[in-house]
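Trainee: Everything in the sequence shown is counted per my numbering, starting at 1 for the first residue and increasing by one.
One or more of the hints may lead you astray.
As a list, the in silico DSSO-like pairs of lysine-lysine whose alpha-carbon atoms are at most 30 angstroms apart [claimed, not checked]:
#1 Lys76 - Lys63
#2 Lys86 - Lys18
#3 Lys76 - Lys86
#4 Lys86 - Lys63
#5 Lys18 - Lys76
#6 Lys18 - Lys63
Label-pair ranges, simulated between beta-carbon atoms [unchecked claim]:
#7 Lys86 - Gly40: 42 to 52 angstroms
#8 Glu35 - Asn96: 28 to 38 angstroms
#9 Ser21 - Glu111: 42 to 52 angstroms
#10 Ala64 - Val99: 26 to 36 angstroms
#11 Pro24 - Ala108: 20 to 30 angstroms
#12 Pro24 - Ala92: 17 to 27 angstroms
#13 Arg97 - Gln59: 17 to 27 angstroms
#14 Leu32 - Gln109: 39 to 49 angstroms
The hints are simulated quantities; they were obtained by calculation from the structure and are not laboratory data. We put the CB at the ideal spot given by N, CA and C, even for glycine.
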Amino acid sequence: MTGQAQLLPGTLDLLILKAVSLGPLHGYGVLLRIEQISRGALLVEQGALYPALYRLVRQGLLKASWGTSDNNRRAKFYQLTAAGLKRLRQEADGWNRLVSAIACALGAQPEQI
Numbered sequence: 001m002t003g004q005a006q007l008l009p010g011t012l013d014l015l016i017l018k019a020v021s022l023g024p025l026h027g028y029g030v031l032l033r034i035e036q037i038s039r040g041a042l043l044v045e046q047g048a049l050y051p052a053l054y055r056l057v058r059q060g061l062l063k064a065s066w067g068t069s070d071n072n073r074r075a076k077f078y079q080l081t082a083a084g085l086k087r088l089r090q091e092a093d094g095w096n097r098l099v100s101a102i103a104c105a106l107g108a109q110p111e112q113i
């Protein structure tokens, strides 16, 4: 995919939950995973990511624990909780319904006379 897309309001939490659902990640790893799974179309600013991670931990959707990163530095790693998996499924279902509805609307053809 070429070019980058703007994140829509409400999508950052969903993207973080999806990224972490693929395996435990530290903060910078979450940024990289979102870029990877969106094929480079979505880039998340660190200034938006870390408050969102903190909020998701506070809500009980992610669990945080200290570990060592690939470059041998201390880092906080995030894992999805059962509540986080439930929220991910709910949010993904909602977005998939919306995408389908918009695709139908955009595919509508003018009436033929």
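Trainee: Holds or violated: lysine 18 with lysine 76, Cα cutoff 30 angstroms?
Mentor: 18 angstroms, holds
Trainee: Quickly compare the C-alpha distance for lysine 18 and lysine 63 to 30 angstroms and report which way the hint goes.
Mentor: 14 angstroms, holds
Trainee: Would you check the hint for lysine 86 and lysine 63, treating anything up to 30 angstroms between C-alpha atoms as holding?
Mentor: With a Cα-Cα distance of about 14 angstroms, the restraint between lysine 86 and lysine 63 holds, given a limit of 30 angstroms.
Trainee: Would you check the hint for lysine 76 and lysine 86, treating anything up to 30 angstroms between C-alpha atoms as holding?
Mentor: 23 angstroms, holds
Trainee: Do leucine 32 and glutamine 109 keep their Cβ atoms within the hinted range of 39 to 49 angstroms?
Mentor: With a Cβ separation near 41 angstroms, leucine 32 and glutamine 109 satisfy 39 to 49 angstroms, so the hint holds.
Trainee: Can you let me know if the beta-carbon spacing of proline 24 and alanine 92 is within 17 to 27 angstroms?
Mentor: 20 angstroms, holds
Trainee: Indicate whether the distance between the beta carbons of proline 24 and alanine 108 respects the range 20 to 30 angstroms.
Mentor: Once the Cβ atoms are compared, 44 angstroms apart, the range 20 to 30 angstroms for alanine 108 and proline 24 is violated.
Trainee: Is it true that the CA of lysine 86 sits at most 30 angstroms from the CA of lysine 18?
Mentor: Holds, because 11 angstroms separates the two Cα atoms, which is no more than 30 angstroms.
Trainee: Hey, lysine 76 versus lysine 63, does the alpha-carbon distance stay inside 30 angstroms?
Mentor: Cα-Cα ~10 angstroms, so holds.
Trainee: For arginine 97 and glutamine 59, compare the CB-CB distance with the range 17 to 27 angstroms and indicate the outcome.
Mentor: 23 angstroms, holds
Trainee: Is the hinted range of 42 to 52 angstroms satisfied by the C-beta distance from lysine 86 to glycine 40?
Mentor: Distance hint for lysine 86, glycine 40 is violated at roughly 29 angstroms.
Trainee: Is 26 to 36 angstroms a correct range for the gap between the Cβ atoms of alanine 64 and valine 99?
Mentor: Since the Cβ atoms of alanine 64 and valine 99 sit about 31 angstroms apart, the hinted range of 26 to 36 angstroms holds.
Hint compliance for this structure: hints 7, 8 and 11 are broken, all remaining hints hold.
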